[in-house]
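Based on these hints, arrange chain B on the given structure of chain A.
So the protein sequences, as listed, match chains A and B. So the first sequence is residues 153 to 583, counted in the numbering used here. So the second sequence is residues 7 to 271, counted in the numbering used here.
The set of hints was computed from the structure by calculation and includes no laboratory data. Just to be clear, a hint being listed does not mean it is correct.
To be verified - A few chain B residues facing chain A, derived, Cβ under 10 Å: (1) T145; (2) R172; (3) R175; (4) F179; (5) H186; (6) L190; (7) G194; (8) W222; (9) I231; (10) H243; (11) M252.
By construction, the Cβ of each residue, glycine as well, lies at the ideal position given by its N, Cα and C atoms.
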Amino acid sequence: MELIDKLSILSGAAKYDVACTSSGVDRNAGGGIGSTRSYGICHSFTPDGRCVSLLKVLLSNACIYDCAYCVNRRSNDIRRAAFKPEELAELTIGFYRRNYIEGLFLSSAVIRDPDYTCEQMIRTLRLLREEYCFRGYIHAKIIPGTDERLISILGMLADRVSVNLELPSNQSLKLLAPDKSKETILKPMGAVTNKIAENRSDIVKYRSAVKFAPAGQSTQMIVGASPESDYQILTLAENLYGRYKLKRVFFSAYIPMVEGKNLPALDTKPPLLREHRLYQADWLLRYYGFKARELLDEENCNFNVYVDPKCSWALSHLDFFPVEINNASREMLLRIPGVGVRSVQRILTARRTRSLDYEDLKKLGVVLKRAVYFITCKGRYIAGLRMDHDRILNALLSKKTLDAFMGQGMEQLSLFDTSREDVLKCITGQI
Amino acid sequence: MYYRSDIIYVYDGSFYGLLCCAAESMVKKEQPFRIVKENDMLPSIFECRRIETCEAIARKLLLSIERNISLHVKRFIYLAFLSQLEDRETMIVDFIHMAYSRGRQILEDRTAEPIHTLWKAVVNLQNESHLFKGFVRFTDYGGVMVSEIEPKNSVLPLIKDHFVSRYPRELLFIYDKTHHQALLAKCGKGRIIALGDEDIDFFAPEETELKFQELWRCFYGIVSIEERRNEACQNSHLPKRYRSSMTEFQDHRRIQPKARQELNR
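Just chain A, same shape as in the assembly (with noise of 0.2 Å):
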């Protein structure tokens, strides 16, 4: 098979993976080639509007499980190849060499047994590091069952490695994925998570201690596939954060691709809002020191299809506001809707000097559409500031979901279960 055949065989079946995220750790070549730096590099971005940073592929995709949702899986009849390790790497290295990419995604379908695959992985990587000298970033997936003795190999070659939950709870595991179990994704993501701080030890101690993952971990599931809620898995997510100390937990819209007697139908549209707004609330949490539990609970345990989860919970915590731009403390002014971090940051910065108003806050670039309603400066709401319906609407709802709003596209939208009436009272009823 030739070379172009394999690579697109194999990076189609690698797309579905999420991550790819080139962040977290600098290093320089040093006599060999590659660097990386901690913010990341986006390489480039398809029209699907994903970024290309990593290469991304499959070792191969010919796989002994028989996981419901994948394309990869035992019984669907599709082409299979595989990458020998001496290829894969030069294919690398002739990437990098060109600037196309920042580094290497390597995950496997399962060959043999997990052993076996990490242990094809690991040859791969061991050309990239020692033959080729390669500085790159190397971002690697490990399956569920893979020996600890392996894993840690792998680790100390890797940058970021990964665990994929798949699925947001067991029994949606054992509906979907009978080859997987909670029990064995999370022994190996715990063991990653111990081999991490061990090593932070040693780096200290030891001079010559390889890094571990200095990158850390990351993981990914898939949203819609099974019935969880929203609050399930952002509660999910942030004990991951905080338990297994993970860098990012990734969403997948399902998409489906196979028929199974346990999946959502074929025509089914992946839930790419639901998605976003799952990620909305993820930077919530690991930027603007929300909890899972401010911006959900047991009875509203989905987010808003119309407005985002922080002016959500704005609207539903109106005595927090109007927040006094000039005085308020850092971990406020995150909590105005549509101010992000780097904006905070220009204004603590900013009012150092001089107290600040609306024409001063527009210099500093701050998107004033939605956060004129929570805010003074000096003491005072912007001049002209009406608080009617339709006004508050425009200004709170992005042009998409007003269009939705106004009665176009509602069949898709009333998935979820919030009427217009309950909308409307959420959005206008208080203010």
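The following block gives chain B in isolation, referenced to the frame of chain A:
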């Protein structure tokens, strides 16, 4: 405090040249009406004075800024000079005057002019140079890695260290078409040279190079997920003006007809 402002300074377009203008205006207590490059000079009713570039004076001013104001202000002045801002020279000299009277806090006061305009230009420069760390594409011409870019700001000084430290074993040549400059790098050392106005014609790349380009286009074509198509999102992250020099958006038969012909022969 200024004696006069009805004067135009003419300088050679270099950073040191601009610093000499700043030094001149401080010594003479003048606030020049405009500062222009010698190539952009137009006839004017104002008196024009040519400011000779003197490295010693420029270095002395830089050292003074670093010691008396701050390292950040010094860096900010350099970045503002690299930006694409129209008439930045006049603003930078104003800024230097202001910085001497207000001290290092001046950078925090981002809503006052001319700091606000300069700061926005600097942010724009930094964003663009970050993008180019990813969007530069090298073509292997017999061992020399060549790239052509068309940035709006002069990004080369800001991406130099990144590429030099990433590829210490390679010979690099990044050509900035807009500013007619090139970054040359070899053995972990790099420098930026000025080039003439004419376009550079490259000869045909080798077979292996074309093979890798084909592989990359194949990979790029495959990884997009059709069900999630969102070109608005793609356009905002990767504006169309960057695409002309990126391999994945080029059809090599169209871009390099000469190269194809030679290969076929």
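Each hint tested on the structure:
With its C-beta approaching chain A no nearer than about 7 Å, T145 (chain B) sits inside the 10 Å limit, and its interface hint holds. With a least beta-carbon distance of about 4 Å to chain A, the hint placing R172 (chain B) at the interface is held under the 10 Å criterion. The criterion of a C-beta within 10 Å of any C-beta in chain A is met by R175 (chain B), whose closest approach is roughly 6 Å, and the hint holds. The restraint placing F179 (chain B) at the interface with chain A is violated, with a minimum CB-CB distance near 13 Å, outside the 10 Å limit.
Taking 10 Å as the C-beta cut-off, the interface hint given for H186 (chain B) is violated, the closest approach to chain A being about 22 Å. At about 16 Å, the closest approach between the beta carbon of L190 (chain B) and any beta carbon in chain A exceeds 10 Å, and the interface hint on this residue is violated. The interface hint given for G194 (chain B) is met, as the beta carbon of that residue sits about 8 Å from the closest beta carbon of chain A, less than 10 Å. At its closest, the beta carbon of W222 (chain B) sits 5 Å from a beta carbon of chain A; the interface hint therefore holds under the 10 Å criterion.
Satisfaction of the interface hint for I231 (chain B) is found here, the shortest Cβ-Cβ separation to chain A being roughly 5 Å, below the 10 Å cut-off. Among the interface hints, the one on H243 (chain B) holds; its C-beta lies about 5 Å from the nearest C-beta in chain A, closer than the 10 Å criterion. Annotation: M252 (chain B) was flagged as interfacial toward chain A, and the flag holds, the nearest CB pair being 7 Å apart, inside 10 Å.
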